[in-house]
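Position chain L with the ligands against the provided structure of chain U, taking the given hints into account.
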Amino acid sequence: MPEGTLCNKKPVETAEGITTLLADQSGKTYYEEMKSLEVDSDLLWKTIQNTCKTRIRTWLEICAHCGMCADSCFLYLANDRDPKQVPAFKIQSTLGEIIKRKGKVDNKFMLHAMEVAWAQCTCCNRCGTYCPHGIDTGIMFGYLRGLLYQQGFVPWEMKIGAGMHRVYNAQMDITSEDYIDTFEWMVEEYEDDYPGLTVPVDVEDADIMYTVNAREAKHYPEDLAEAAILYHIAGEKWTVPSKGWELTSLAMFAGDWAACKMQVDSVYDAMERLRPKRMIGTECGHAHRATVVEGPYWAGRKSGRPPVESIHYIEWLAEALRTGKLKIDPAKRIKEPVTLQDSCNYVRNHGLRETAREIISYIVEPGYFIDMAPNKEHNFCCGGGGGFNGIGYFRKQRNIGLKVKRDQILATGAKLVISPCHNCWDAIRDLEEVYEIGIKWSFLKPLIIKMLIIPEHLRPEEE
Amino acid sequence: MYSLLTGPVFYLSLGVCIIGMIVRFYQYFNGLSWQLDRVAYKEYPAMGFKGAVRSIYKWLIPYGTYGWRAQPVMAAAFFGFHVGAVLLPLFLIGHNVFLKEKLGFSLFFNLSTPVADYLSWIALISLFFLILRRLVLPEVRILTDRKDWGILLISMAPFITGMLARYQVGDYSFWLTAHILTGEIVLLAIPFTKLSHVFLFFASRAQLGMDFGIKRGGLKGSKMAW
Ligand code: HEM
Ligand code: SF4
Ligand code: SF4
Ligand code: SF4
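Each protein sequence line maps, in turn, to chains U and L.
With this note's numbering applied, the first sequence covers 63 to 525.
With this note's numbering applied, the second sequence covers -19 to 206.
Bound conformation, chain L alone:
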């Protein structure tokens, strides 16, 4: 089981995730239409680019936008979870060692163990708040469907199994195998579910950024105050 998961299944899920997202990215931008979307994308590439970059980076800064500031608790939970969800899979030392072994390279740096622990706990606590929010707030409940719970479960599983393995609760090798399996499920789910937002967030924000950067104020020399 372990060798299957760290062998063919690993290559397969990573490949599906990467190729899937390349395809979806290509499809997204290919599907933009200046006339249907009513944005002259191609006519003003520099303005569009600037608008896109602004629209992305402003939203990646904690409390950097009116939207984040309007929802301080949500913003904390969002960043608390997402910093972990992005940094841990990429830069955890164990992951890098694994990558080096499998693919012959590792990523730029390693998170030290205490930092990794902090990030993991923060992510789990934040997830708890995201779940609580979903259960309690009427404006979120009305939007929630079964799929949302599924996505939360899929996203949560690698964290929980990873932590159980990390602290060696019970059978280490069992949790490690479960961790790898759930991690691979995330990779496989990314191109086909709402988790596609991991990449499509950038596409969608870029599009709206181009809209504002060109049509809605950009040509007037006015930058949207996100």
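Next up, chain U with everything else stripped away, as it sits in the complex:
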């Protein structure tokens, strides 16, 4: 059966494999090879029989074909109400068809299914909350991605991303040494401003074990320094693990469930090794979803919880502000129109709808915060979730998808968008690049640092 050298059914499991794939500029050869990748129908059907149980089958069966989910999907709205973007249609014409045909689908069908699964759905799960039958199409797309991944029909970046997790336990080629070096180097950079600033590595029994997004180590190292500064000023006993420090999971976007398990196991091992009281993850949405919400299930934890209590960065920030561990100088609060991007991954899908708003009550001058409409668990996806941001092959579709968020932001009149999620942050940055609506965007860490009252004993000696 024809399998490409780059595009095939085998996961990438070595550093060389990753280098080879990366050398193929934007996956040109990879996608070329995909056009003749054969479908293993027997495997497909067997997998479905083993893993597609009554929840999904009932959803597909009882769908009333009523179309009530149409308006709930930002991609339907962004594409001028193209009926082909109705959630129920998207899933019935892909996963529904595969099941109906008992897995006997051809290459062309799978290529199309790949586009629908990664470029017509970000797994934001909004439609699931608008369907009278409680049919969550986003979940079904997550499932479909797993089937497509197994057959090798997965966007190039996703294949690489999943491979990274398999090889490095991180979404990028960053080794433990690289990571700790970067963190230490960044902390040194800021030592003069914050005397005593350190990064405690592998400290056992700390109060907090901090985990990050590998992008921070690679592209935004200031973020690491900012995290250290905030823990330092708050007087926290914290640590970073040298292994198991990555919170994210491109494997989840890719549908590579085995890699998902490897990834979260590495973090859970760190928890078990270091026995922190709590794990706190950085300002990332999908990463929180992967490691805290879905991860326990991949790892086979019946309790549905990670080994130690794990919270999102905004939960810690809200708590630190509430308890006075961090104090804001009221004179420095934000005094321009500002709005908030609710991340689907921890707001709709983990109930944290008030947390960021509590933080905002401390850091924004009253009267300057304008909520988007709709908001909280009904907020629209930023437009780039579920891996969409990262897939060059579907860039055009992604840019169209940004329109809904653009209009939501414009309607608030805000000049600044607070975005405590890496993916949303990226999408909003790209949105400004593509549509130039004149906004700034920011994580919380840099905003808070600018307005902190630093306790006397932590200030640098005056010269």
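Errors might be hidden in some of the hints.
[Claimed, not checked] 25 Å max Cα-Cα, derived BS3-like pairs, lysine-lysine:
id	chain 1	residue 1	chain 2	residue 2
1	U	LYS323	U	LYS305
2	U	LYS115	L	LYS30
3	L	LYS203	U	LYS364
4	U	LYS108	U	LYS146
5	U	LYS71	U	LYS170
6	U	LYS164	L	LYS174
7	U	LYS339	U	LYS397
8	U	LYS477	U	LYS397
9	L	LYS200	U	LYS339
10	L	LYS30	U	LYS438
FYI, nobody ran anything at the bench for these hints, they're computed from the structure.
Structure of chain L with the ligands alone, referenced to chain U:
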């Protein structure tokens, strides 16, 4: 014909419907898997139960959810049809008399004739809107297949034949027989078609309710604002 339909065929279709749905309910919950669905159902039964109940009852209240409020006309048509589709077969006085005769018991109360008439007309008008919607709106048309029309036809038939009998248009006994036959077709269709939603609606909503009640916010003490 009449005695056949009110005799063996009646018992058969009622039996198939009830047993069929018991089996399907059992299969549904038996097929839920904490690891595949990624919801720790068994670990948090109380939270799961509360989440399930909320997810069902919110959606049974007209305009009780964001979803219903986002589609006011659809919501009206849905409730207009479904109130009739659920209450009329169960509580119509004629049905209760029939039940008493056949099974020896009748259900809690009877709808008075004017109420029953209202409900029937509202249901028929609502059905008309549901059909219109299906013909006109592109986002519904793209989803519609032949089976959907079949289901609508099957669901509509007992109403229409019942009304024709009620108002004695033409041959009463013919319409009555047709009404019983089409009603029995609905009963037989329930376990095997999309009409299974009559029961599986509760299963599916309960499942998503457990998901939100446990995993997606429940453990954080946050209740989904449906
Ligand atoms: C407790 C009972 C029931 C519940 C909770 C329920 C729920 C629902 C829901 C949520 C929908 C999707 C929304 C819509 O398309 O209107 C629906 C559709 C539908 N239901 Fe029911 N249903 C029930 C009983 C029945 C019964 C008894 C019948 C028929 C005899 C019926 C016939 C239909 C039909 C034909 C549709 C599709 C309407 C269309 O084509 O747009 N339902 N039901
Ligand atoms: S709202 Fe639900 S039942 Fe209606 S078409 Fe969409 S998925 Fe199907
Ligand atoms: S999960 Fe989100 S993106 Fe996907 S179909 Fe539903 S609403 Fe659209
Ligand atoms: S990137 Fe943000 S808004 Fe978009 S799907 Fe992810 S969490 Fe949701």
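Now for the hints, and whether the structure bears them out:
{"no.": "1", "hint": "LYS323(U) with LYS305(U)", "result": "holds, 15 Å"}
{"no.": "2", "hint": "LYS115(U) with LYS30(L)", "result": "holds, 24 Å"}
{"no.": "3", "hint": "LYS203(L) with LYS364(U)", "result": "holds, 22 Å"}
{"no.": "4", "hint": "LYS108(U) with LYS146(U)", "result": "violated, 29 Å"}
{"no.": "5", "hint": "LYS71(U) with LYS170(U)", "result": "holds, 16 Å"}
{"no.": "6", "hint": "LYS164(U) with LYS174(L)", "result": "holds, 20 Å"}
{"no.": "7", "hint": "LYS339(U) with LYS397(U)", "result": "violated, 37 Å"}
{"no.": "8", "hint": "LYS477(U) with LYS397(U)", "result": "holds, 10 Å"}
{"no.": "9", "hint": "LYS200(L) with LYS339(U)", "result": "holds, 17 Å"}
{"no.": "10", "hint": "LYS30(L) with LYS438(U)", "result": "holds, 22 Å"}
Hint violations for this structure: numbers 4 and 7, all remaining hints satisfied.
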